[in-house]
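S.K.: We have chain A already, so just place chain B on it with the hints.
There are 2 protein chains.
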Amino acid sequence: MSMTPDTSALSVPPLQERKPQRPQRVVIVGAGFGGLSVAKALGNSVLDVTVIDRRNHNLFQPLLYQVATAALSPADIAEPIRRTLGRYHNIKVMLAEVTGIDRVNHQVLLNQANPVPYDRLIIATGSEYNYFGHDEWRAFAPGLKTIHEARLIRQRLLLAFEKAELSRDPKEKKALLTSVVIGGGPTGVEMAGAIAELGRFMITRDFRKLAPEDFRVVLIEAGPKILAAFPDDLTDYAHAELEKLGVEVQTGRMVESITKDSVIASGETIFAGNILWGAGVKASPAFRWLGLDPKAGGRIPVGPDLRVEGTSDIYAIGDTALGLGEDGKPLPALAQVAKQQGEYLGRALRNELLEGRKPEPFRFRNRGNTAVIGRHAAIFDFGKRRLKGRVAWLLWAIVHVYLLVNFEKRLLVSIQWLWRYATRQRGARLIDENAGNIVPATTQRSET
Amino acid sequence: MSMTPDTSALSVPPLQERKPQRPQRVVIVGAGFGGLSVAKALGNSVLDVTVIDRRNHNLFQPLLYQVATAALSPADIAEPIRRTLGRYHNIKVMLAEVTGIDRVNHQVLLNQANPVPYDRLIIATGSEYNYFGHDEWRAFAPGLKTIHEARLIRQRLLLAFEKAELSRDPKEKKALLTSVVIGGGPTGVEMAGAIAELGRFMITRDFRKLAPEDFRVVLIEAGPKILAAFPDDLTDYAHAELEKLGVEVQTGRMVESITKDSVIASGETIFAGNILWGAGVKASPAFRWLGLDPKAGGRIPVGPDLRVEGTSDIYAIGDTALGLGEDGKPLPALAQVAKQQGEYLGRALRNELLEGRKPEPFRFRNRGNTAVIGRHAAIFDFGKRRLKGRVAWLLWAIVHVYLLVNFEKRLLVSIQWLWRYATRQRGARLIDENAGNIVPATTQRSET
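In order, the protein sequences belong to chains A and B. Using the working numbering, the letters of the first sequence map in sequence onto residues 553 to 1000. Using the working numbering, the letters of the second sequence map in sequence onto residues 553 to 1000.
Any given hint could be a false lead.
Just so you know, same-sequence chains aren't split out, so a pair can sit in one copy or run between any two.
[To be verified] Heads up, simulated BS3-like pairs for lysine-lysine below, C-alpha to C-alpha not over 27 Å straight-line: (1) K723 x K644; (2) K936 x K726; (3) K761 x K644; (4) K644 x K725; (5) K592 x K847; (6) K715 x K910; (7) K644 x K726; (8) K715 x K592; (9) K644 x K715; (10) K761 x K940; (11) K796 x K644; (12) K796 x K726; (13) K834 x K726; (14) K891 x K834; (15) K715 x K725; (16) K725 x K796; (17) K725 x K697.
Because the hints were derived from the structure by calculation, they are not lab data.
Extracted from the complex, chain A is given alone in its bound form (with noise of 0.2 Å):
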């Protein structure tokens, strides 16, 4: 990785060449925290400005497990990206899937419609779960990704109960009120205290038939902690938290295989209702599109102006690009590097486009690293700074809530934590029509 300014990504001729004057082309490929960001950042600008994404909408990520467990809507926490953008006069916006890049041509080949020519290129596809090459067990073990993942997720677990309440065979019950969570990083953690809470909620006020021993969730971890990214102090709260909560938390154990209803982890086999996944997470196979190996699990190495090594126009961030912190470790996945990436690109790409400044290297501010347990159970880990428990929680909500893009949502969002604080009832606890048909989205189409 070279320090030194690369002139070659200067494809703008000097002036008195350029005739006919056209708008510099900048594609974004990804509507997530990063992709929004710079496309925010080039908003109302000369340039021209266009954004694809394979979904219409974006999506607030970190809150998903709320949907998953019934506790908010999807239409809470995503907005179209055409409303965030629409705004912007110099930005379209595209809900097409990208097939691939012509780098000779300079443009994005699309599925069914036209290929997209740019003179600047961001890549800001994100990360997929990462099923180490066991990826039959998808169907059984949802990851939590997307608004469609997030359904089924709350579809199999209401499901589940009340398949429990009709069942009059003990060890059905008890298997259909078991579930099982793999990977104890944030999403998993905050998916096992979440069952947790809604589980005994539902039992104690809602069924009959129903006794809270035969309740049970399982956290599966594979490493010797939870929570790998905190320091110890944190990652021992959690653990507390969690089991207070009811979860089992075990961790040092392997999964070896995963069916329809059920998990075997170092030897034993958990039969269970409900099988979620959380143990990781690679990048999305853009770098296919640009003929690299995947290595380090798929990202794309970038210099420090982000930029694909081995390459003038087209840039990588969020997770999956791989870039250095100053410490020379990767950067972790957080939506916090996608929006700081994205905010430093777009001023970088507006400096350079249209004032024909040279970037400083992006440099990463950690904002603090978070996780929720549950009810009053929250960490922080600021660096040097560590907050646990119920000021951390609060803390975990405002932000949260901040952080929710939209006006709308923020108040909406805001009166649901209050009214279920309150109550502790969950709102969205719905159950499709065809729930007895439903299958993962991602076994349905290829991995683009």
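M.R.: Here is chain B on its own, set in the frame of chain A:
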């Protein structure tokens, strides 16, 4: 229909014969407006009440069109049945599908669960859309009865706009931006009005390459006027308001054929990206469980005490029942009829089973019939008095917020409405990840 009291119905034996004494079992099939009203009226009594529904939620259907047009989230207008009835210790809820009624052994037969015995059975299974012998149209022109269908319609509508934005073929573009609503009843009128408002808003605010003149909403009605149940002056007003919104109202036109992307009505072919069915309902197939003829649209004839004719322990209420008003005409298939019948029947059963008193015959009290066309435009028909315009619209909104069962939902819906009123934004413009694979749920399973 005889007004003579039917003493055979008093199946409760004299007190001294009851040994061991067990509570009378009331089974309610269907948890819509009717079924829930009965259940609530029987709540916290000594009766043993079971509510069976194939869905886990109670749906506020009058606002379902707002889910289909991206104004509300499904969970805003749906509540888990267990939650609604959770406070009554004597009511059990079962998520199950009824397959038949064994009148000899007095039990309800279920799919994948044991039969449920009853002393009194209430059928409150509602209605479904009637495709008048063309059930193959259902896949192309979904009706609006379930959350799944509302989501399906929302997906198709939003996806058609996205495809139109990408299209370079002017003909295709125009077709994709055309919506055809079949049926000029309240649902059809509400859908046409809401689509017109949503489409115009999206084109002016969010899309760059769509022209307002390519956007078209066609409302097709076979009869001579829309909203046939309303007096002429209100119908004329609604017709004019729809045209102000840009809806083409075509009355006296018969639909002859529907394909994936076109409707042929009275010889003319309309190509459309979005086709909707609201052209008449028929009762649920519950009449088959009783071995009745599907006369009168499958509605089950009931006496003045809502007992199914020819039975002593089975009742039918709501859309699935054919009851007669004081004028000797069949009662309309309206939520208020179902609700009043449910409340009446609950009281009647309490009186009879607990106190041995005979019920008075049921009398329907018209609370006013309403339909909403769009912003500031609605109609009310109270029989003698009529209301239209801005005041009717405000009253419509107040009544509907009031009727939403639950406090949280009321508040959430009110806030979203106020926000939308101020901004004209739509909050729930979500296209699912698996949008390409969506099919109507109703084509995927049997008709029970």
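S.K.: Decide, hint by hint, whether the structure agrees.
M.R.: Going through the hints against the structure:
Taking the shortest Cα distances, K723 and K644 sit within 27 Å of each other only across copies (22 Å), while inside one copy they are farther apart (56 Å). Taking CA atoms no more than 27 Å apart as the test, K936 paired with K726 passes in neither setting, with 44 Å inside one copy and 59 Å between copies. In this assembly of identical chains, the alpha carbons of K761 and K644 lie at most 27 Å apart only when taken from different copies (9 Å versus 55 Å within one copy). Only between protomers do K644 and K725 lie at most 27 Å apart by alpha-carbon distance; the minimum there is 17 Å, versus 52 Å within a single protomer.
For a Cα distance limit of 27 Å, the shortest separation of K592 from K847 qualifies neither inside one copy, at 31 Å, nor across copies, at 61 Å. Proximity of K715 to K910 under the C-alpha cut-off of 27 Å is found in neither arrangement, the shortest distances being 62 Å within a copy and 39 Å between copies. In this assembly of identical chains, K644 and K726 lie within 27 Å of each other by CA distance solely across copies; the values are 20 Å between and 52 Å within a copy. Taking identical chains as interchangeable, the C-alpha atoms of K715 and K592 lie at most 27 Å apart only when they sit on different chains, with a minimum of 24 Å there against 47 Å within one chain.
In this homomeric assembly, K644 and K715 come within 27 Å of each other (Cα to Cα) only across copies, at 14 Å, whereas the closest approach inside a single copy is 47 Å. For the homomeric pair K761 and K940, neither the shortest alpha-carbon distance inside one copy (37 Å) nor that between copies (51 Å) is at most 27 Å. In this assembly of identical chains, K796 and K644 lie within 27 Å of each other by CA distance neither inside one copy nor across copies; the values are 50 Å within and 30 Å between. Only within a single protomer do K796 and K726 lie at most 27 Å apart by alpha-carbon distance; the minimum there is 20 Å, versus 59 Å between protomers.
Taking identical chains as interchangeable, the C-alpha atoms of K834 and K726 are never at most 27 Å apart, the minima being 34 Å within one chain and 41 Å between chains. For the identical chains of this complex, K891 and K834 are intra-copy neighbours only, at 18 Å inside a copy versus 53 Å across copies, given an alpha-carbon limit of 27 Å. For a Cα distance limit of 27 Å, the shortest separation of K715 from K725 inside one copy, 8 Å, qualifies, whereas the shortest one across copies, 46 Å, does not. Taking the shortest Cα distances, K725 and K796 sit within 27 Å of each other inside one copy (23 Å), while across copies they are farther apart (58 Å).
For the identical chains of this complex, K725 and K697 are neighbours neither inside a copy (29 Å) nor across copies (32 Å), given an alpha-carbon limit of 27 Å.
Checked against the numbered hints given earlier, the structure breaks hints 2, 5, 6, 10, 11, 13, 17 and satisfies all the rest.
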